[in-house]
Amino acid sequence: MPPTNPFDFSRESLLESAIEQDKIPIGYTCNYVPRMLLNVGPLFPYRVNAAEQAGGTEIADIYLSQVTCSYTRSILEAVMDDQQDFLHGWVFAASCDHLRRLYDNLQYLTEPDFCHILDVPHKCGSEAISWFKQELIAFSQALSDHFDIDIQTKDISQRISEHNTLMTALHNIAIQRTNTLPPFSGSEFHRLMQAMWSLPLQSMETILSRIEEQLPNRSCPIDFKARIMVISSVLDQYEWIEAIESNGALVVADRFCTGSIPNMTPCIQTDDPFYDMARYALQTNACPRMMDTFEYRMNLIYQTIQSYHVDGVIIAPVKFCDIWGVETSQIWTFLKSKSIPVLRLEREYGFSGEGQLSTRVQAFLEQVCQ
Amino acid sequence: MGIYSQIQDQIVYYQSWYKNYCNIMHMPIRHGPVQTVKNLHKYPWLWQLAKVNRLLDMVTKGRQGNYRKATAAVVEKVVPNLMQLLDNLNTDTDRLVLHEDMVPPEILFAMGLKTWMSELLGILLPMVDSHSVEKYIDIAENAGIPPDVCSLPKGTMGIILNQEVPPVKAILTSNSPCDGGMASYQLIKNKLDIPMYQLDVPYNFYNERAINYFANELKEMIAWLETNTPGKMDWDHLRAICEERNRMAAYELELWEAIRQRPAPLAAEAVYLSHLWCFNVTPGDPGGTELFKYLVELANDNVQKNIAAVPNEKYRTVLWNPPLLHFIKLFSWAERHYGLTLIIDSMSYNRQPFIDTSTQESMLKGLAHIIMTGPMARHTRGPSENYFNDMFYIYTYFDLDMILVAGHIGCKNTAALNGILREKCRKKGIPVLIIDYDLSDPRVVSHDGIIRQMDRFMENIMKNTH
Chain D
18 MPPTNPFDFS
28 RESLLESAIE
38 QDKIPIGYTC
48 NYVPRMLLNV
58 GPLFPYRVNA
68 AEQAGGTEIA
78 DIYLSQVTCS
88 YTRSILEAVM
98 DDQQDFLHGW
108 VFAASCDHLR
118 RLYDNLQYLT
128 EPDFCHILDV
138 PHKCGSEAIS
148 WFKQELIAFS
158 QALSDHFDID
168 IQTKDISQRI
178 SEHNTLMTAL
188 HNIAIQRTNT
198 LPPFSGSEFH
208 RLMQAMWSLP
218 LQSMETILSR
228 IEEQLPNRSC
238 PIDFKARIMV
248 ISSVLDQYEW
258 IEAIESNGAL
268 VVADRFCTGS
278 IPNMTPCIQT
288 DDPFYDMARY
298 ALQTNACPRM
308 MDTFEYRMNL
318 IYQTIQSYHV
328 DGVIIAPVKF
338 CDIWGVETSQ
348 IWTFLKSKSI
358 PVLRLEREYG
368 FSGEGQLSTR
378 VQAFLEQVCQ
Chain G
529 MGIYSQIQDQ
539 IVYYQSWYKN
549 YCNIMHMPIR
559 HGPVQTVKNL
569 HKYPWLWQLA
579 KVNRLLDMVT
589 KGRQGNYRKA
599 TAAVVEKVVP
609 NLMQLLDNLN
619 TDTDRLVLHE
629 DMVPPEILFA
639 MGLKTWMSEL
649 LGILLPMVDS
659 HSVEKYIDIA
669 ENAGIPPDVC
679 SLPKGTMGII
689 LNQEVPPVKA
699 ILTSNSPCDG
709 GMASYQLIKN
719 KLDIPMYQLD
729 VPYNFYNERA
739 INYFANELKE
749 MIAWLETNTP
759 GKMDWDHLRA
769 ICEERNRMAA
779 YELELWEAIR
789 QRPAPLAAEA
799 VYLSHLWCFN
809 VTPGDPGGTE
819 LFKYLVELAN
829 DNVQKNIAAV
839 PNEKYRTVLW
849 NPPLLHFIKL
859 FSWAERHYGL
869 TLIIDSMSYN
879 RQPFIDTSTQ
889 ESMLKGLAHI
899 IMTGPMARHT
909 RGPSENYFND
919 MFYIYTYFDL
929 DMILVAGHIG
939 CKNTAALNGI
949 LREKCRKKGI
959 PVLIIDYDLS
969 DPRVVSHDGI
979 IRQMDRFMEN
989 IMKNTH
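Protein sequences appear in the order of chains D and G.
Positions 18 to 387 (this note's numbering) are the ones given, in order, by the first sequence.
Positions 529 to 994 (this note's numbering) are the ones given, in order, by the second sequence.
Hints were generated in silico from the structure; no laboratory data involved.
A hint or two may mislead.
Once the Cα atoms are required to be at most 30 Å apart in a straight line, the calculated DSS-like pairs of lysine-lysine come out as [as the list claims (entries may be wrong)]: (1) G:K663 x D:K353; (2) G:K717 x D:K353; (3) D:K140 x G:K760.
A few chain D residues that face chain G, going by a derived Cβ cut-off under 10 Å, partial list only [what the hints assert, rightly or not]: (4) H115; (5) Y125; (6) F131; (7) H133; (8) V137.
Glycine included, every Cβ here is placed at the ideal spot set by N, Cα and C.
All chains, please: the whole structure from these sequences, using the hints.
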């Protein structure tokens with residue numbers, strides 16, 4: 018009997034099981050929300066995934082209009098369809114125009130029992146960290162008051178340590194993508210990442226250790242022509258990566274909000290966990306919403322290309338995202354200046370247009386292989 | 529209207545036209561023929577700006593008496609100031625700083641620096657000639673900027689990508705008013721390869737913590753400017769600028785009191801173009817104070833004589849969002865066709881007009897408050913209450929009949945409030961028209977298309993309200 022695929026697990030049933038064990042999921046939509054703080058007591062962070070809803074957003078279009086990004090519209094539609102009722106609260110980050118307006122509309126339409134928005138600075142210097150630290154302290158108090166949890170500083174430090182342990186385990190797996198023949202595909206890895214951001218820490222520990230055990234026995238599942246890096250904002254469907262890989266590419270690096278780069282970077286700890294979380298959020302995330310991290314973002318991309326031996330880059334911003342739209346033109350210019358093949362693929366949040374995607378990727382792979 | 533009044537109105541127009549013409553012609557005289565030819569070659573948009581007297585035609589058409597005098601006076605203020613700004617193309621260019629429209633220039637003036645507002649051309653050019661920024665929008669899109677990004681930053685980026693920006697030495701910007709505007713400055717910096725400072729406006733800014741945070745941002749900005757430009761802070765000069773600004777703001781408040789009257793003694797460009805120019809481009813200029821003083825006199829004179837700016841004033845409205853840049857004539861048309869009077873716009877309405885000039889700290893806090901709560905900045909940042917509370921307050925305070933939203937297709941964060949807006953207006957019984965159009969690009973929705981939307985609304989909704 019062949020060994021079972023360690024990447025083949027049901028995220029939904031694990032989520033259900035966690036909820037049955039009285040764990041409390043809190044929805045969040047952006048990496049600037051510190052996951053560690055949502056792991057206190059019975060709470061656990063659930064990164065809202067509404068990709069299945071992306072087919073139709075009729076109600077959300079009325080409120081958010083058709084010119085906001087389909088990620089926010091899909092979430093609002095899913096909420097209006099009662100698909101997110103299992104969440105006990107929402108935490109937003111004022112990170113971009115669209116997510117801010119999602120917060121406004123969600124508040125107006127559904128009035129959730131717990132709905133908090135974090136005021137995230139657009140800079141990462143000491144004043145900004147200090148500002149964001151105060152925000153996190155206020156947020157912690159709000160969580161404590163609403164869910165009646167005693168949140169101690171040492172508990173948060175402990176959660177940060179656990180987060181770091183998990184990220185180290187993830188890194189041990191992810192680093193194998195730098196091998197000439199990685200033992201898993203990009204779509205398999207992305208299934209893991211989707212679970213990573215939406216399941217309790219303990220469930221993920223089990224999954225990661227099982228994968229780590231079985232990896233030595235695996236060989237590269239794809240006969241690929243080129244190693245590809247994907248750069249994007251939020252990408253929730255592994256099928257999108259699967260479609261790219263079905264054309265003979267291997268996605269070896271995922272520089273997007275729901276990917277591992279740079280999210281698996283551990284959080285440096287001091288004796289002030291609020292400061293640690295604030296600094297980590299502002300200085301580690303590589304979102305183009307930040308006004309003073311452009312060099313860091315470009316360096317991160319270039320270093321990733323080198324360490325993961327990337328042959329070509331696909332930039333896939335979600336349509337109507339202004340910050341990624343403008344950033345994409347800058348990344349394009351940067352990569353061209355380094356003679357790195359690059360394909361720009363504007364997409365919707367949900368997976369659609371597989372045929373068109375395949376045509377573009379095939380043409381790109383021909384260019385890369387030349 | 530008597531023949532004497534008609535002659536008077538014609539005299540107002542021609543006097544103003546002549547003054548503006550002289551001001552325009554002084555520029556090539558000051559610069560000399562060789563430099564002027566070089567400038568026209570390097571900055572082709574100068575050809576468009578040379579037609580700035582067209583604005584006079586647009587804003588005086590169909591307007592009479594004091595209303596015509598007021599709108600002509602506003603253009604008379606804009607033209608010489610614009611020509612002075614154009615002097616910056618060739619003189620003291622080592623002191624020239626590119627600043628975003630949401631970062632008012634008081635501090636730069638106080639530091640002895642010259643200014644060039646990045647968005648100035650994107651705002652003025654379509655006012656003068658509807659199609660004049662299309663070329664720059666196309667340049668930005670061809671460089672990879674998505675078509676759905678706001679056309680104001682797109683036009684601004686296009687001008688810079690086409691190397692038609694004056695020789696600026698530093699950039700000053702912020703995260704206002706929107707993601708597209710904020711993101712565009714990284715491209716601008718990369719293209720110009722000069723130092724840039726970006727101010728960070730918090731999400732929630734109606735509190736002391738935010739004012740302190742942002743005042744500190746301004747302090748850091750001053751230190752940065754002193755390091756990166758020849759400018760040095762002169763606090764006494766800043767005080768003088770702020771005090772002049774306060775005087776101008778006091779007159780503006782008087783003007784607002786006057787236009788609350790029904791019928792309004794002045795309207796449209798006399799109210800919004802004066803604010804747009806004097807508070808954003810030339811704050812601290814005594815000429816601005818003089819202009820507002822004159823506007824108040826004209827308004828009060830009309831009130832005393834019970835003369836309406838729009839003789840058949842039937843409906844009063846606020847214009848939400850920036851004015852329709854490429855279709856400035858819309859409101860003189862609406863006045864004539866429907867008696868629709870534009871009382872005020874969201875860009876002019878500023879809740880915190882006075883700066884405490886007693887100390888350096890208080891001035892910085894006052895400026896911090898003004899920048900954070902500046903029109904558009906406060907409506908597109910922060911929670912939706914910032915948007916709706918002001919809108920409904922203005923509706924009541926100015927005794928309006930309807931709300932007109934300039935639904936610029938590139939303004940996603942206001943479009944994302946349209947659903948709530950419709951429901952709130954329905955509950956309050958307020959007629960609302962959201963005009964679908966693009967701020968700077970008439971190819972998206974033509975003037976005819978805008979007029980059709982107005983016609984449908986006025987004939988189907990508003991005619992049943994009176």
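Here is what the structure says about each hint:
1. G:K663 x D:K353: With Cα atoms ~25 Å apart, K663 (chain G) and K353 (chain D) stay inside 30 Å; holds.
2. G:K717 x D:K353: holds (18 Å)
3. D:K140 x G:K760: Cα-Cα ~25 Å, so holds.
4. H115: holds (7 Å)
5. Y125: Check passed: Cβ of Y125 (chain D) comes within 5 Å of chain G, closer than 10 Å.
6. F131: This hint is violated: F131 (chain D) lies away from chain G, its Cβ roughly 16 Å from the closest one there, beyond 10 Å.
7. H133: violated (12 Å)
8. V137: This interface hint holds because 7 Å falls under the 10 Å limit.
The structure fails to meet hints 6, 7 from the earlier list, while all remaining hints are met.
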